[in-house]
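Chemist: Next come the chains, spelled out residue by residue.
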Amino acid sequence: MSSFDLSVITQNIPWLWAGMQLTILLTLLAVAGGIIVGVILALCRLSPWWALSAAAKLYVNLFRSIPLVLAVFWFYFLVPIVTGHPVGPFYSVLIAFVFFEGAYFAEIVRSGIQGVRRGQLSAALSTGLSHVQALRYVVMPQAIRNMYPVLVTRSIIIFQDTSLAFVVGLTDFLTSANIVANREGRPVEIYCFVAVVYFLLCYAAEAGLNLSKRRVAR
Amino acid sequence: MSYRWNWGIIFEQPYLSWLLQGLGVTVALSCLAWAIALPLGTLVGSLRTGPYRAIRLLCAWYVQAFRNVPLIVQMFLWFFVFPEVVPKAVGFFLKRQLPIPEFTMGCLCLALYTSARIAEIIRSGLEAAGNGPRNAALASGMTYYQAYRYVLLPMSFRLTMPPLTSEFLAIFKNSSVALTIGVLELTAQSHQVESFTFQGFEAFTAATVLYALISWACLGIAGAVNRQLSNAGGLGTEVAIK
Amino acid sequence: MIKIDGVCKWYGSHQVLTECSASIARGEVVVVCGPSGSGKSTLIKCINGLESFQRGDIVVDQESIKSPKTKIYKLRSRVGMVFQSFELYPHLTCIENITLAPQKVLKRSRDESIDRAKTLLKQVGLSAHGAKYPSQLSGGQQQRVAIARSLAMDPLVMLFDEPTSALDPEMINEVLDVMVDLARSGMTMVVVTHEMGFAQRVGTRVLFMDAGVIVEDRACSEFFDRPESDRARAFLSSIVRR
Ligand SMILES: Nc1ncnc2c1ncn2[C@@H]1O[C@H](COP(=O)(O)OP(=O)(O)OP(=O)(O)O)[C@@H](O)[C@H]1O
Ligand SMILES: [Mg+2]
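Protein chains in written order, with the numbering used here: chain A, 40 to 257; chain B, 54 to 295; chain C, 447 to 688.
Derived by calculation from the structure, the hints in this document are not laboratory data.
Note that CB positions come from ideal geometry on N, CA and C, so glycine has one too.
Do not rely on the hints blindly, as some may be mistaken.
Said to hold, decoys possible - Stretches of chain A that chain C covers, calculated by requiring three or more beta carbons in the stretch to come under 8 Å of a beta carbon on chain C:
hint	segment
1	51-65
2	153-161
3	180-186
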């Protein structure tokens, strides 16, 4: 193996940047969709209707017991059958992430709501607020504050997990890098570069989160 | 939607034995990796709260490095990059002479990745236990090693049973990433059944059910361990970790 | 003002209130005491409908809690309640804590509620702290804000559930002084407390509860001088010994 050759990276920056754009897009859409699915599931789980709550629980437990790769395979196979025509890897992967991550977000939202002390609801009700008002003005603001660090952490995990789109050949950052590595025959430089980029981005995101947590904590 | 159901396919050969072999590989890979990760993670997590500043920092970086790079990238690093950057003889051994290179490297990678996550959990348990027991143990004349071994780590394990349990479940799920370097574990085998037979529903359902059974069994074991701990006068899970 | 009439309550098969009856007139300060677990909290939570009960009825200001015509939210807005653990909303400043319900329930304007809040904060001796968050205040200060928050709804009656038992001794008096002022201003109050000094200063009646039963319902002076039941005598001597 000859010495470390950085030019193989600089020459392929446009390729890698295109991959990174797809990774970021996929992450943003997956987080947004996952949160929507998660909130719906959490409300179902906390609802007084037994069947709805049980169904949501089954959904969450099932998705949380399988690997993401399997979910990606599932949806890559299922989506074309359900829609009746091929949709390409991007939409399959996106749908897989939304449904899969929805199960994780559901647990985050649920424990955020349940983490608010019961006395807070009593206090709000005892001043005459209605149930909806108590949830809206007293419980939810606290729940969101409880949840938000976990939501951000989960989003960082999703950013990392989008690299698993590799298994169906979606040209995200990692897959683009993989193509370059094979074409140029320089896996060492390329994979090290990929690792460093992921590390720096995730490290920065986590540092930002810690900074904002310190600011919020009173 | 025109799909020809054929549930019998997953019980036909060779597909049944593919799936069962996949299950075997998943369980072996995960348990082996766990056997490495638990002691290693406990060590790193303990050192992170220990008396030496330099070692604390080093362990913090260990955790950061493994947490902030996607597992699949780590798999590639171990499998494609590591043999190239070590001395030639070692690289040659890894590439040519190692009996089952995919499994071995995948297991190593999964073990180190998980050890960093276990280290975080153990550290949070040690911090939750607080300075009181540490000072009490040291004041009674114990060495640091003894304080951790007999007082602080037992407390930390009891406090962190729930997150340790979910980490144990996670290692089975994470082991599927090893398919990207060619380990034929459960997910890979179900995918292979799908490619050969086009019976995706059946193949993936089989894999899903097997994974669900694994996590159900793990929760059962964790529950039993937990009961054992709380019977033994432990803190149980009443004291939740935030 | 309040009429409690044969209230019975069960948690599953466990009866926590048995045939509780009492009536409380306007301007009275009724002290509820009794051993831990005797049902004091449960009883006063029934008065503003935070707890439901199976048998009997409670009438507040001529409105029955059980009657389907009663709007429980309307009723609660006229009954103030102060909790043992303050329950200030941690995400809102003191002023915001006080003005939330007046704005949302009574539909008062923002300015009007803020003016009123400032007056109340002055009344409880905290004019300087309106813009602070609850976590920036001491326990005694938090409890006084909580009292102001209830008063902001101009309640007909105030319920207190052990308002000083989560406080350090040096803070108890600052809260009790506010409550004494309130009692002297003619507010109707139901106070669960073990502070017998408070009871003797402003209490008009004592309800002594044991095991879900109202054992004694007497004028304050009589109760302290000549308790009738053995339970009450034992309870009083245990309080005095403390
Ligand atoms: N949610 C509940 N479920 C079952 N039992 C309950 C519940 N809440 C209270 N109890 C029981 O009801 C009884 C009365 O409780 P309550 O809180 O009213 O007592 P208390 O007199 O206020 O005691 P303390 O002085 O400790 O506050 C207790 O025996 C308690 O165990
Ligand atoms: Mg009580």
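Chemist: Which of the numbered hints above does this structure break?
Modeler: Hint 1 is the one this structure does not satisfy, whereas the remaining hints hold.
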